[in-house]
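Undergrad: Input sequences plus hints: build the corresponding full structure.
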Amino acid sequence: MWNAGQVRLSQGWQFIGDLRRAVPVGLRGRPEIAAAPCADGCRACAEVCPTNAIALDPVRIDLGRCVFCNECAVACPADKLVFTPEPRMGATALEGLVVHPGKAPPDPASTSAALHALFGRSLKLRQVSAGGCNACEMELNALANVNFDLQRFGIEWVASPRHADALVVTGPITRNMAEALQLAWDAMPEPRFVVSVGACAISGGLYADSPVLDRGFPERIQPALYVPGCPPHPLTFIHAILDLLGIDTGR
Amino acid sequence: MMPAVRIACPLGTLALLPAREWSSRIGDLLRSGARLVSMFGRPDVQEHAVLTAVLQGAEGALEVVRGTAARAIGVHTLTRDFPAAHVFEREMHEQLGIRIADHPWLKPIRYEGAGVGRMTDYPYYRLEGKEVHEVAVGPIHAGVIEPGAFRFSCLGETVHHLEIQLGYQHRAAEELLLRGDPFTRTPLIETVAGDSSIAHAWAHCAALESLAAVAITPGVDASRTVGLELERIAMHLATLAGLAQDIGFAQGAATYGRLRTTAINTSMRLCGSRFGRGWLRPGGSLVAMDAAVAAVVRGDLELLRRDVSIINTRFLGSTTVQHRLRGVGEVALRDAKALGLVGVVGRASGVPLDQRTNLWLLDGAHTHEPCVETTGDCWARARVRIREIDRSIALVSDAIDRFGAFTATRAPVRSLAPDTLVVSIVEGVRGEVMHAIETDAAGRVRHYKLQDPSLRNWFGLALALRGNDISDFPICNKSFDLSYCGNDL
Chain A
282 MWNAGQVRLS QGWQFIGDLR RAVPVGLRGR PEIAAAPCAD GCRACAEVCP
332 TNAIALDPVR IDLGRCVFCN ECAVACPADK LVFTPEPRMG ATALEGLVVH
382 PGKAPPDPAS TSAALHALFG RSLKLRQVSA GGCNACEMEL NALANVNFDL
432 QRFGIEWVAS PRHADALVVT GPITRNMAEA LQLAWDAMPE PRFVVSVGAC
482 AISGGLYADS PVLDRGFPER IQPALYVPGC PPHPLTFIHA ILDLLGIDTG
532 R
Chain B
43 MMPAVRIACP LGTLALLPAR EWSSRIGDLL RSGARLVSMF GRPDVQEHAV
93 LTAVLQGAEG ALEVVRGTAA RAIGVHTLTR DFPAAHVFER EMHEQLGIRI
143 ADHPWLKPIR YEGAGVGRMT DYPYYRLEGK EVHEVAVGPI HAGVIEPGAF
193 RFSCLGETVH HLEIQLGYQH RAAEELLLRG DPFTRTPLIE TVAGDSSIAH
243 AWAHCAALES LAAVAITPGV DASRTVGLEL ERIAMHLATL AGLAQDIGFA
293 QGAATYGRLR TTAINTSMRL CGSRFGRGWL RPGGSLVAMD AAVAAVVRGD
343 LELLRRDVSI INTRFLGSTT VQHRLRGVGE VALRDAKALG LVGVVGRASG
393 VPLDQRTNLW LLDGAHTHEP CVETTGDCWA RARVRIREID RSIALVSDAI
443 DRFGAFTATR APVRSLAPDT LVVSIVEGVR GEVMHAIETD AAGRVRHYKL
493 QDPSLRNWFG LALALRGNDI SDFPICNKSF DLSYCGNDL
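Chains A and B are the protein sequences, given in the same order. FYI, our numbering numbers position 21 of the first sequence as 302, with every residue one higher than the one before it. FYI, our numbering numbers position 294 of the second sequence as 336, with every residue one higher than the one before it.
Watch out, some of these pointers could steer you wrong.
Computed list of chain B residues with no C-beta within reach of chain A, every gap over 12 Å [said to hold, decoys possible]:
| hint | residue |
| --- | --- |
| 1 | D70 |
| 2 | A103 |
| 3 | L104 |
| 4 | H365 |
| 5 | K379 |
| 6 | P394 |
| 7 | R429 |
Partial list, computed: chain B residues near chain A (C-beta under 8 Å) [what the hints assert, rightly or not]:
| hint | residue |
| --- | --- |
| 8 | M161 |
| 9 | I182 |
| 10 | P189 |
| 11 | G209 |
| 12 | H212 |
| 13 | T226 |
| 14 | D237 |
| 15 | A296 |
| 16 | S315 |
| 17 | F317 |
| 18 | G320 |
| 19 | I353 |
| 20 | S525 |
Here are the simulated distance ranges between beta carbons [claimed, not checked]:
| hint | chain 1 | residue 1 | chain 2 | residue 2 | range |
| --- | --- | --- | --- | --- | --- |
| 21 | A | D529 | B | L220 | 46 to 56 Å |
| 22 | B | A333 | A | P472 | 47 to 57 Å |
| 23 | A | P470 | B | R444 | 53 to 63 Å |
The hints are simulated quantities; they were obtained by calculation from the structure and are not laboratory data. Don't be surprised by glycine CBs; every beta carbon is placed ideally from N, CA and C.
TA: Shown next, in the form of structure tokens:
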């Protein structure tokens with residue numbers, strides 16, 4: 282018993298009270314692009330991007346493809362790109378994931394009144410990895426740990442798609458997993474929606490050119506929420522889902 | 043100081059043995075005490091295949107044996123004499139269509155190539171009889187984890203055999219590595235097994251640096267070591283948290299889980315990612331650590347050292363934990379050696395194999411003896427991890443004390459030596475991670491072979507389940523904690 286007490290004492294208070302204000306120190310999160318024009322013909326950032334996430338004239342970064350590797354920021358001769366520790370970058374539409382120069386950050390995921398009414402007090406999530414490398418999966422698992430404790434909002438992982446309101450998809454969706462993913466969705470009762478997590482799930486990411494993907498699922502069922510990252514920090518998911526459901530954190 | 047175990051062979055120095063000689067040469071080496079690290083092949087002209095075997099001698103030196111065979115005629119199996127070869131021969135058969143004569147079980151490893159999309163065609167082993175029943179699980183599991191299918195053949199509650207069906211995660215990573223500029227592939231490599239980003243990135247960088255004749259400074263090696271050992275600390279803590287969870291030991295789950303958060307946040311502080319993404323690049327390390335950050339890292343390490351020790355005492359001393367883990371999921375040393383089990387799983391069964399014995403010996407001051415247990419059960423696999431966490435904390439502290447600061451450096455890596463084969467090995471969280479790169483006459487990457495330790499250890503899990511209660515599968519599985527995508531590539 283003495284030792285159990287020691288463990289309890291060492292554990293302290295790990296719960297993050299205000300998730301909306303938590304700062305992940307050191308995180309390479311949402312990028313910012315300076316407004317100054319680029320040198321004529323400069324393509325340095327786009328050329329080093331491993332996922333073709335960068336469009337030019339003016340420079341834009343598609344967070345649906347970005348793996349936050351920082352190569353573009355290093356390559357830019359004018360230091361126009363910087364990755365900030367800001368974790369809030371989820372969006373409800375693909376266009377919302379594009380970062381433009383000089384402008385305010387992309388709009389946060391917009392609240393759905395319908396989803397708020399249905400799931401604002403209870404949302405059960407079923408996760409399916411379809412080629413995910415276990416990084417997204419571990420960060421999603423972390424949502425239920427003692428730090429992030431997403432259960433406080435009635436948001437929980439469930440074991441069966443039969444019990445789920447939302448399907449959280451990770452990975453680029455391999456052909457070998459495509460059928461199982463569809464079966465999981467088919468097993469879920471209405472009303473239901475899809476959350477697409479990580480660059481792989483949103484765009485194929487680093488595997489977009491792989492010959493063994495089947496991207497039919499996101500074409501058939503449009504995700505209601507996109508959570509970018511490689512992998513997304515748990516706070517990125519938290520901001521996005523709270524924004525989507527219009528959950529007031531009371532602070 | 044050796045940054046990674048590796049060997050570089052100009053192709054001209056490697057005899058291309060005829061199939062029969064290739065097999066017998068490997069057999070001779072194995073009989074004389076060498077260990078099989080890998081066997082793989084690539085297509086060659088006229089329906090032939092070039093075959094490569096990598097072996098490791100008792101002193102740690104690598105040896106490469108190359109052969110050639112007509113794919114239709116193939117090679118005679120080594121599996122019947124050396125079961126460790128089974129997985130490699132199956133993979134060669136799947137990737138090259140090469141005949142492996144007399145192989146007992148050519149089940150696909152990952153349903154790639156012509157097998158893509160045919161996961162359900164496979165006829166599982168069937169056990170028949172009045173008391174027999176089968177349980178099918180997966181590919182989607184109850185938790186938030188990667189997919190794989192498990193078929194249990196049971197007599198009552200007792201598992202007679204577990205058959206594991208993998209391949210759901212196959213993303214054609216090896217094929218993608220042949221495309222584009224080879225020096226820009228590290229982000230892809232970091233996702234081959236996403237919880238072992240640093241180990242794979244290091245094996246990858248070490249192979250390219252060898253081919254490009256780029257020397258790595260001790261500071262870069264030390265920085266990479268910090269990354270690798272933080273990755274090991276974090277993943278070992280994650281496994282222990284999962285084990286505690288699966289035996290209903292809530293305090294262990296909460297505390298090991300919380301400590302993992304400290305470890306991955308330390309990585310994030312240093313490199314911007316909780317999974318070490320962007321830490322390594324060919325030619326260097328992108329982590330900059332000044333004295334202020336070093337002080338924060340030291341504080342984190344001190345907290346880990348103190349609090350891990352407290353929960354370890356509680357965990358290891360608990361009757362519940364001992365009762366649930368001891369004697370469950372045993373793998374005997376004889377079987378572990380025969381199957382070539384590596385890493386934590388091998389060490390828990392008494393195999394004294396840890397590639398770090400040859401790795402990054404900072405001025406020779408640290409000699410790393412493998413953490414070996416003898417009972418081969420879930421308890422032993424937990425114990426190995428617990429002991430290794432302490433070692434890793436010491437290694438990280440030592441690297442930081444010696445260097446004090448790291449600067450981001452990237453030596454230019456421009457061209458690769460032509461017609462050369464390089465094999466590099468790094469001891470990752472689960473065991474040896476091997477990358478092999480072969481270049482052509484123009485110095486382009488002709489073949490890239492990836493090998494995660496999970497490839498070999500999955501069959502160990504099947505073996506561990508035999509004779510155990512089916513209800514013990516979750517803790518057996520968690521005690522192995524293997525990578526699905528590391529197998530499926």
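Undergrad: Next step is simple, just say for each hint if it's right about the structure.
TA: Consistency of the hints with the structure:
The Cβ of D70 (chain B) sits about 38 Å from the closest Cβ of chain A, beyond the 12 Å cut-off, so the non-interface label holds. Residue placement check: A103 (chain B) keeps its beta carbon more than 12 Å from all beta carbons of chain A (closest about 32 Å). The claim that L104 (chain B) lies off the interface holds: its Cβ sits roughly 27 Å from the closest Cβ of chain A, which is beyond the 12 Å cut-off. Here H365 (chain B) stays apart from chain A, with its beta-carbon at least about 17 Å from theirs, past the 12 Å limit.
Residue-level check passed: K379 (chain B) sits 28 Å from the nearest beta carbon of chain A, beyond 12 Å. The beta carbon of P394 (chain B) sits about 28 Å from the closest Cβ of chain A, which is more than 12 Å, so the claim that it is off the interface holds. In this structure R429 (chain B) is separated from chain A by more than 12 Å, as the shortest Cβ-Cβ distance comes to about 19 Å. Against a cut-off of 8 Å between C-beta atoms, the interface hint on M161 (chain B) holds, since the closest Cβ of chain A lies about 5 Å away.
Interface hint status for I182 (chain B): upheld, as the beta-carbon distance to the closest one in chain A is roughly 6 Å, under 8 Å. Annotation: P189 (chain B) was flagged as interfacial toward chain A, and the flag holds, the nearest CB pair being 6 Å apart, inside 8 Å. Annotation: G209 (chain B) was flagged as interfacial toward chain A, and the flag holds, the nearest CB pair being 5 Å apart, inside 8 Å. For the restraint placing H212 (chain B) at the interface with chain A, the shortest Cβ-Cβ distance is roughly 5 Å, inside the 8 Å limit, so the hint holds.
Evaluation of the T226 (chain B) hint against chain A yields a held restraint, the C-beta minimum of about 6 Å falling below 8 Å. For D237 (chain B), the interface hint holds, the least distance from its beta-carbon to any beta-carbon of chain A being 5 Å, beneath 8 Å. A hinted interface residue such as A296 (chain B) counts as satisfied when its beta carbon comes closer than 8 Å to some beta carbon of chain A; here the least separation is about 5 Å, so the hint holds. The beta carbon of S315 (chain B) comes within 6 Å of a beta carbon in chain A, closer than 8 Å, and the hint placing it at the interface holds.
Contact between F317 (chain B) and chain A, as hinted, is supported at the beta carbon level, the nearest pair being about 5 Å apart and thus within 8 Å. Because the closest C-beta pair between G320 (chain B) and chain A is about 5 Å apart, less than 8 Å, the hint holds. This hint holds: I353 (chain B) has a C-beta 5 Å from the nearest C-beta of chain A, less than the 8 Å allowed. Hint status for S525 (chain B) relative to chain A: holds, with the closest Cβ pair at about 6 Å, below 8 Å.
Our hint of 46 to 56 Å for D529 (chain A) and L220 (chain B) holds, since their Cβ atoms are close to 51 Å apart. In this structure the hint that A333 (chain B) and P472 (chain A) lie 47 to 57 Å apart at CB holds, the actual value being about 55 Å. About 59 Å separates the C-beta atoms of P470 (chain A) and R444 (chain B), a value consistent with the hinted range of 53 to 63 Å.
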